[in-house]
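Engineer: Here are the chains, one letter per residue:
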Amino acid sequence: MRIPCRTLLALLLPLAFLGCRNDDDVVEPTPTTPASTGTLRIVVVPKWEGGPFAMNTVYTNVSDYRVKVEAIKFYLGNVRLLTGTTSSDVKDVDYFDLHNGAVSKDWTAEPGTWTGLHIGFGVPQALNDADPIVYPPGHPLDLANATYWGWAQAYRFFQFDGRYDMDAGGTAAPALPFSMHTGLNACYTEFDLDLGTGVTITAGNTTTLTIDLAVDRFFYTAADTLDLATENQTHGTNLPLALELTNNAIHSFSVE
Amino acid sequence: MLLCGLLLVGCRKDPALPVAEFDAPFPLQLPPGAPMPEFPEDNPLTIASVELGKALFFDPRLSRNGTVSCRSCHHPDRAFSDTVALSVGIDQQLGQRNSPSLANLAYHPSFFRDGGVSTLERQVIAPVQDPLEMDHSIQRAAAAVSGDMHYERLSQLAYGMPMDAYVITRAIASYERTLISGWSRFDRYFYQADAAAMTESEVRGWELFTSSELNCTACHTGFDLSDHSFQNIGQYLEYADTGRERITQGPADIGKFKVPTLRNIALTAPYMHDGAITTLDGVIDHFAGGGLPHPNRSPLMTNFALSVDQKAELIAFLNALTDERSIDQVP
Numbered sequence: 000m001r002i003p004c005r006t007l008l009a010l011l012l013p014l015a016f017l018g019c020r021n022d023d024d025v026v027e028p029t030p031t032t033p034a035s036t037g038t039l040r041i042v043v044v045p046k047w048e049g050g051p052f053a054m055n056t057v058y059t060n061v062s063d064y065r066v067k068v069e070a071i072k073f074y075l076g077n078v079r080l081l082t083g084t085t086s087s088d089v090k091d092v093d094y095f096d097l098h099n100g101a102v103s104k105d106w107t108a109e110p111g112t113w114t115g116l117h118i119g120f121g122v123p124q125a126l127n128d129a130d131p132i133v134y135p136p137g138h139p140l141d142l143a144n145a146t147y148w149g150w151a152q153a154y155r156f157f158q159f160d161g162r163y164d165m166d167a168g169g170t171a172a173p174a175l176p177f178s179m180h181t182g183l184n185a186c187y188t189e190f191d192l193d194l195g196t197g198v199t200i201t202a203g204n205t206t207t208l209t210i211d212l213a214v215d216r217f218f219y220t221a222a223d224t225l226d227l228a229t230e231n232q233t234h235g236t237n238l239p240l241a242l243e244l245t246n247n248a249i250h251s252f253s254v255e
Numbered sequence: 000m001l002l003c004g005l006l007l008v009g010c011r012k013d014p015a016l017p018v019a020e021f022d023a024p025f026p027l028q029l030p031p032g033a034p035m036p037e038f039p040e041d042n043p044l045t046i047a048s049v050e051l052g053k054a055l056f057f058d059p060r061l062s063r064n065g066t067v068s069c070r071s072c073h074h075p076d077r078a079f080s081d082t083v084a085l086s087v088g089i090d091q092q093l094g095q096r097n098s099p100s101l102a103n104l105a106y107h108p109s110f111f112r113d114g115g116v117s118t119l120e121r122q123v124i125a126p127v128q129d130p131l132e133m134d135h136s137i138q139r140a141a142a143a144v145s146g147d148m149h150y151e152r153l154s155q156l157a158y159g160m161p162m163d164a165y166v167i168t169r170a171i172a173s174y175e176r177t178l179i180s181g182w183s184r185f186d187r188y189f190y191q192a193d194a195a196a197m198t199e200s201e202v203r204g205w206e207l208f209t210s211s212e213l214n215c216t217a218c219h220t221g222f223d224l225s226d227h228s229f230q231n232i233g234q235y236l237e238y239a240d241t242g243r244e245r246i247t248q249g250p251a252d253i254g255k256f257k258v259p260t261l262r263n264i265a266l267t268a269p270y271m272h273d274g275a276i277t278t279l280d281g282v283i284d285h286f287a288g289g290g291l292p293h294p295n296r297s298p299l300m301t302n303f304a305l306s307v308d309q310k311a312e313l314i315a316f317l318n319a320l321t322d323e324r325s326i327d328q329v330p
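Protein chains in written order, with numbering that gives the first Met the number 0: chain A, 0 to 255; chain B, 0 to 330.
Don't take each hint at face value.
[What the hints assert, rightly or not] Output of the computed footprint for chain B on chain A, the stretches with three or more beta carbons under 8 Å from beta carbons of chain B:
1. 109-117
2. 202-215
[As the list claims (entries may be wrong)] Partner residues aside, some chain B positions facing chain A, computed with beta carbon under 10 Å:
3. GLU120
4. ARG139
5. MET300
[To be verified] Sample of chain A residues with no beta-carbon within 12 Å of chain B, all distances over it, derived:
6. TYR58
7. VAL61
8. LYS67
9. ALA228
In short, the hints are calculated from the structure, not lab data.
Beta carbons are placed, not taken as given, at the ideal position from N, Cα and C, and that holds for glycine.
Can you make the complete structure from the sequences, with help from the hints?
Structural biologist: Below is the structure:
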């Protein structure tokens, strides 16, 4: 019996593909199990003196300087929920770019009622020291975010950029640049936020926690004022300014 | 038989490619006296990885607008250094430091003049992403070269994966590890006991170099003629570029830079971290003067006096450190 050439090819080609098939490609059905975790939705809302904040808008800061903020980007790491002496890991690291205003992130969280939130401002050292090439697209530490200092093999933890001037009555756009980027492990700082009577996470559900970020407070704390006239640039250099800005920033977070 | 043949063809990576040849270890040629470099476990030196790394090293598609490659600032005929004080990067922007020679990077414990990066693989990321150099993200650079069939084949052979940012870092690092310098007349004289390899003047220069009075070998020692330590040589009283301090944040490191190799020194002018000294004559004058009294100046920086003839002999010796063959081992 003669088998037509086309028929033979039609029979053999699928076999050729089968020969190359990777066992990993076989998709096994996943049994559905009840959710044992919940979702903590963090919403970081930038504010100015308790009111709305918008990028590229001129505000007056604590020094009576006119300030136009152009970028706020930062990492939060080693996020944990706390209650009493118990803590539960929530997120190793995440990236916030407030270019378009408030940013929300959904993190898997253990059910329970939690009275505190532990946060690292920056990238924890183990992650900061790792080879960044291993982080896949979409990962907070993906190099595509342009947050990596190649020369120091370290991430920029916090980028705060904009323009300012000291002409309190001025009407033109402020022209003097400030650009303060903190990073290097020395700048990594952890702090706790008090959640009051508690935030409850339930399995299979999403709980929203709104965190205000007081941008005006980037320029001061009760003990210190950051004077843009003399303190306006840090890029891995000028560690004292980087630490000052870091300290101001962590005091800018509060739970709504 | 027909069936078996079709099955085999269907699975083969590339019927035209001699797989065994490309998967083979790279035959690194070490000069006499050169120690065997260490290779990271995740980046073995293979013919494929080195060939791919070389192709990428010379490929301007790694830069944002396709105009700058690694070679733009590291010229092979200059021992992979540059001829200008500060190299010109993308959009004609000036870099911040003098581009160093890439010779013998395989022996360096840290990279850049301030030692801020610990591996050659991670070093690759910095110039690609530096806004003054290539101003690209390494992922976009990878996207720009992915699909190049030659690269894709080499990538599969070297790393068993398609071209991506990971492959770029590994492959360029592999190529850079092959840039071993040790084929100079000095090497023949010193490592191969070829007394005729250097002139009498050059030998006298070598004796000056190793003398306790000049004490050059306190730092310029070992096969690479550098101990790769960080030293402040009193170039300035105030450093615009704080050097090692930028990495450590320690004031005691202000003005310290990695001791450079002296191999091919005649080819790598201008000198110093900022290319501020244009001739070997000027470099020797700086060291003879002991440098400026910066608080971090190395105690090894002490004055010495040289006659005109001795200075010429010292320079003659330094000229004898030029490789007599290309340090690029890839055809």
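Engineer: A separate judgement is required for each hint: does it hold in the structure or not?
Structural biologist: Do the hints match the structure? See the list:
1. 109-117: That given contact is violated, which follows from only 0 residues of the segment 109-117 of chain A lying within Cβ reach (below 8 Å) of chain B.
2. 202-215: violated (count 0)
3. GLU120: Holds. Min distance 7 Å.
4. ARG139: Status holds, d = 8 Å.
5. MET300: Violated, about 25 Å.
6. TYR58: It holds; TYR58/A is separated from chain B by about 28 Å at its closest Cβ, greater than 12 Å.
7. VAL61: With a cut-off of 12 Å, VAL61/A remains clear of chain B, as the shortest Cβ separation is near 27 Å.
8. LYS67: About 22 Å separates LYS67/A from the closest Cβ of chain B, which puts it past 12 Å; holds.
9. ALA228: 21 Å, holds
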